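J.: Build out the structure end to end from the sequences listed, making use of the hints.
So the sequences go chain by chain: E and Z.
Here the first sequence stands for residues 1 to 249, where the numbers follow the working numbering.
Here the second sequence stands for residues 1 to 249, where the numbers follow the working numbering.
Simulated from the structure, these hints should not be mistaken for laboratory data.
These numbers were taken from a predicted model, which means no experiment stands behind them.
Mixed in with the good hints, there may be bad ones.
Dumping the calculated BS3-like pairs for lysine-lysine here, alpha-carbon to alpha-carbon at most 25 Å [as the list claims (entries may be wrong)]:
#1 E:LYS157 with Z:LYS239
#2 E:LYS87 with E:LYS24
#3 Z:LYS165 with E:LYS165
#4 Z:LYS199 with E:LYS87
#5 Z:LYS62 with Z:LYS165
#6 Z:LYS69 with E:LYS165
#7 E:LYS157 with Z:LYS6
#8 Z:LYS69 with E:LYS239
#9 Z:LYS6 with E:LYS62
#10 Z:LYS157 with E:LYS62
#11 E:LYS157 with Z:LYS157
#12 E:LYS38 with E:LYS24
#13 Z:LYS6 with E:LYS87
#14 E:LYS87 with Z:LYS87
#15 Z:LYS199 with Z:LYS24
#16 E:LYS165 with Z:LYS87
#17 Z:LYS6 with E:LYS152
Taking CB as the label site, the calculated pair distances span [unchecked claim]:
#18 Z:THR101 with E:GLU31: 33 to 41 Å
#19 E:SER9 with Z:LYS204: 40 to 48 Å
#20 E:LYS133 with Z:LYS204: 55 to 63 Å
#21 E:ARG203 with Z:ARG234: 33 to 41 Å
#22 E:LYS241 with Z:LEU231: 36 to 44 Å
#23 Z:LYS124 with E:SER9: 48 to 56 Å
#24 E:GLY73 with Z:GLU75: 46 to 54 Å
#25 Z:ASP36 with E:GLU131: 56 to 64 Å
#26 E:ASP59 with Z:ASN201: 39 to 47 Å
#27 Z:GLU160 with E:GLY221: 42 to 50 Å
#28 Z:PHE22 with E:LEU215: 52 to 60 Å
#29 E:GLN219 with Z:GLU160: 48 to 56 Å
We treat Cβ as the ideally placed atom computed from N, Cα and C, and that holds for glycine.
There are 2 protein chains.
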Amino acid sequence: MTISHKIISNISVDCVIFGFDFEKLNVLLVERELVDEKSGRILIKDFTLTGYHIFEDEDLDKAAYRILKDLTGFENIYLEQFTVFGKTDRVSNEKDQIWLTYLNQGFSERILTVGYFSLIDSTKVTLSHNERKIHWFPIDEAHNLEWAFDHKQIFMKALEVLRNKVRTEPIAFELLPERFTLTQLQKLYEAIYGTPIDKRNFRKKIVQMPFIVALKVKQKGVPHKPAQLFLFSREVFEKTKKERLGFLF
Amino acid sequence: MTISHKIISNISVDCVIFGFDFEKLNVLLVERELVDEKSGRILIKDFTLTGYHIFEDEDLDKAAYRILKDLTGFENIYLEQFTVFGKTDRVSNEKDQIWLTYLNQGFSERILTVGYFSLIDSTKVTLSHNERKIHWFPIDEAHNLEWAFDHKQIFMKALEVLRNKVRTEPIAFELLPERFTLTQLQKLYEAIYGTPIDKRNFRKKIVQMPFIVALKVKQKGVPHKPAQLFLFSREVFEKTKKERLGFLF
DNA sequence: GCAAAAGTGTTACCGGTACACCCATGC
DNA sequence: GCATGGGTGTACCGGTAACACTTTTGC
Chain E
1 MTISHKIISN ISVDCVIFGF DFEKLNVLLV ERELVDEKSG RILIKDFTLT GYHIFEDEDL
61 DKAAYRILKD LTGFENIYLE QFTVFGKTDR VSNEKDQIWL TYLNQGFSER ILTVGYFSLI
121 DSTKVTLSHN ERKIHWFPID EAHNLEWAFD HKQIFMKALE VLRNKVRTEP IAFELLPERF
181 TLTQLQKLYE AIYGTPIDKR NFRKKIVQMP FIVALKVKQK GVPHKPAQLF LFSREVFEKT
241 KKERLGFLF
Chain Z
1 MTISHKIISN ISVDCVIFGF DFEKLNVLLV ERELVDEKSG RILIKDFTLT GYHIFEDEDL
61 DKAAYRILKD LTGFENIYLE QFTVFGKTDR VSNEKDQIWL TYLNQGFSER ILTVGYFSLI
121 DSTKVTLSHN ERKIHWFPID EAHNLEWAFD HKQIFMKALE VLRNKVRTEP IAFELLPERF
181 TLTQLQKLYE AIYGTPIDKR NFRKKIVQMP FIVALKVKQK GVPHKPAQLF LFSREVFEKT
241 KKERLGFLF
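T.: Below, the structure is given as structure tokens:
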């Protein structure tokens with residue numbers, strides 16, 4: 001299948017990309033900067049999500065995967081559509097209009113954007129910067145940033161959906177390496193919810209889940225007692241699905 | 001604010017409308033029928049959700065409210081966007097192409113549709129049929145119907161989202177009259193999940209919720225012991241929100 | 001008085017929560 | 001040997017689940 005690469009001008013996809021550095025939950029943002037050519041003054045300096053228009057003969061989901069692949073080089077990334085943003089004025093504030101004019105898209109037609117969030121194991125990814133300035137920001141700091149368009153709103157909705165989803169589905173593992181320690185998993189949940197969790201109770205609950213499988217391997221080269229490594233088995237999870245009412249945590 | 005009424009041709013909204021008749025959970029569908037003018041043979045006979053394109057200067061949510069108002073006459077209906085359907089082939093099967101050709105839209109550009117679900121108190125609504133054949137169908141039967149476009153898929157996703165949402169948010173009340181009995185509420189939950197619930201345990205749990213307020217009024221004219229009427233107070237719900245972790249049922 | 005649905009309490013069990021100390025490794 | 005995080009068990013409490021009979025009304 002070939003792709004026409006002719007874009008649909010009034011529909012785009014924006015991805016809220018979450019990563020975990022074993023300490024904090026982060027979101028990946030792209031710096032947007034516009035400098036006045038004559039004066040050298042900075043007209044715009046803020047942050048956007050990564051997004052792009054969809055192509056005419058491209059499924060919506062495919063467009064989101066394409067955007068992620070362009071950025072990270074990976075294909076099998078957890079991705080989920082969460083909301084469409086369709087207010088007529090979502091891009092009409094002054095700063096954004098200046099930007100769109102600069103891109104020769106100013107005051108063009110209204111654009112509707114579909115929000116996706118994705119979870120990636122940030123230990124694996126080296127970002128392909130290709131001339132863009134991209135950075136990870138802890139989600140706590142993200143609230144105070146200067147955002148482009150309605151991207152702050154999109155981000156906040158993504159975070160809300162993520163928090164809800166993590167309560168009932170085993171998706172947190174997407175943010176960790178394939179083999180992880182229980183402490184890493186615990187820190188991840190703490191980072192997502194922003195609240196401490198009791199270590200012993202956490203371990204009891206996790207270990208009894210049949211789809212969390214203990215490996216025989218342990219950590220190596222750490223300056224303390226090496227931790228046991230675990231694996232999330234989606235296969236076992238799917239098999240035991242009916243018996244459970246939910247992935248209640 | 002005036003509305004241009006110029007439609008955006010590649011974006012539409014489809015509403016999955018749920019209602020409750022005190023026995024079953026139903027979905028509202030519109031019959032689609034195409035008869036060959038010469039032979040009189042029925043070419044197409046199936047069911048669609050209610051939907052329409054959005055207008056150029058109309059917020060997405062507004063478009064969904066407009067569609068519902070046209071159908072029911074009411075403005076304050078519970079409505080929630082749940083998913084966008086954006087596969088390139090979502091309307092390309094033969095039957096649908098015949099239909100679109102008939103409407104002079106055949107083989108036109110790809111249409112992306114935004115799914116909304118809405119919950120209405122069906123005791124209040126008299127449907128404004130304006131020449132369309134519309135009917136309530138129990139959700140169990142809906143699976144066996146002949147559906148138009150990808151509307152079966154949209155319906156099933158809506159049902160899934162509804163079931164999840166009802167577990168954590170107090171939205172079931174939208175399907176009942178303002179004053180309701182506990183038995184009605186219980187039947188509603190049973191209808192949504194398709195499973196029986198223990199009466200005494202159900203009542204204990206419900207009555208202790210501060211936002212379920214008992215009225216002094218009782219049913220009248222029923223041929224059995226009249227039931228007490230209750231009310232869901234959104235005000236109390238919002239006030240006590242922080243104290244709760246969720247509307248866990 | 002009978003049919004039909006409303007309303008009510010107790011017990012047993014399980015899962016959640018709270019909490020403090022010893023262990024294995026690298027340097 | 002010391003610093004660092006890994007790993008473990010028990011007791012209490014609260015919520016959930018199972019279960020059967022009496023009450024009030026219209027006819």
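J.: All hints, please: hold or fail.
T.: Here is what the structure says about each hint:
{"no.": "1", "hint": "E:LYS157 with Z:LYS239", "in the structure": "22 Å, holds"}
{"no.": "2", "hint": "E:LYS87 with E:LYS24", "in the structure": "32 Å, violated"}
{"no.": "3", "hint": "Z:LYS165 with E:LYS165", "in the structure": "11 Å, holds"}
{"no.": "4", "hint": "Z:LYS199 with E:LYS87", "in the structure": "44 Å, violated"}
{"no.": "5", "hint": "Z:LYS62 with Z:LYS165", "in the structure": "22 Å, holds"}
{"no.": "6", "hint": "Z:LYS69 with E:LYS165", "in the structure": "32 Å, violated"}
{"no.": "7", "hint": "E:LYS157 with Z:LYS6", "in the structure": "30 Å, violated"}
{"no.": "8", "hint": "Z:LYS69 with E:LYS239", "in the structure": "45 Å, violated"}
{"no.": "9", "hint": "Z:LYS6 with E:LYS62", "in the structure": "30 Å, violated"}
{"no.": "10", "hint": "Z:LYS157 with E:LYS62", "in the structure": "19 Å, holds"}
{"no.": "11", "hint": "E:LYS157 with Z:LYS157", "in the structure": "20 Å, holds"}
{"no.": "12", "hint": "E:LYS38 with E:LYS24", "in the structure": "41 Å, violated"}
{"no.": "13", "hint": "Z:LYS6 with E:LYS87", "in the structure": "16 Å, holds"}
{"no.": "14", "hint": "E:LYS87 with Z:LYS87", "in the structure": "22 Å, holds"}
{"no.": "15", "hint": "Z:LYS199 with Z:LYS24", "in the structure": "18 Å, holds"}
{"no.": "16", "hint": "E:LYS165 with Z:LYS87", "in the structure": "24 Å, holds"}
{"no.": "17", "hint": "Z:LYS6 with E:LYS152", "in the structure": "30 Å, violated"}
{"no.": "18", "hint": "Z:THR101 with E:GLU31: 33 to 41 Å", "in the structure": "49 Å, violated"}
{"no.": "19", "hint": "E:SER9 with Z:LYS204: 40 to 48 Å", "in the structure": "57 Å, violated"}
{"no.": "20", "hint": "E:LYS133 with Z:LYS204: 55 to 63 Å", "in the structure": "58 Å, holds"}
{"no.": "21", "hint": "E:ARG203 with Z:ARG234: 33 to 41 Å", "in the structure": "40 Å, holds"}
{"no.": "22", "hint": "E:LYS241 with Z:LEU231: 36 to 44 Å", "in the structure": "38 Å, holds"}
{"no.": "23", "hint": "Z:LYS124 with E:SER9: 48 to 56 Å", "in the structure": "42 Å, violated"}
{"no.": "24", "hint": "E:GLY73 with Z:GLU75: 46 to 54 Å", "in the structure": "49 Å, holds"}
{"no.": "25", "hint": "Z:ASP36 with E:GLU131: 56 to 64 Å", "in the structure": "59 Å, holds"}
{"no.": "26", "hint": "E:ASP59 with Z:ASN201: 39 to 47 Å", "in the structure": "46 Å, holds"}
{"no.": "27", "hint": "Z:GLU160 with E:GLY221: 42 to 50 Å", "in the structure": "46 Å, holds"}
{"no.": "28", "hint": "Z:PHE22 with E:LEU215: 52 to 60 Å", "in the structure": "54 Å, holds"}
{"no.": "29", "hint": "E:GLN219 with Z:GLU160: 48 to 56 Å", "in the structure": "40 Å, violated"}
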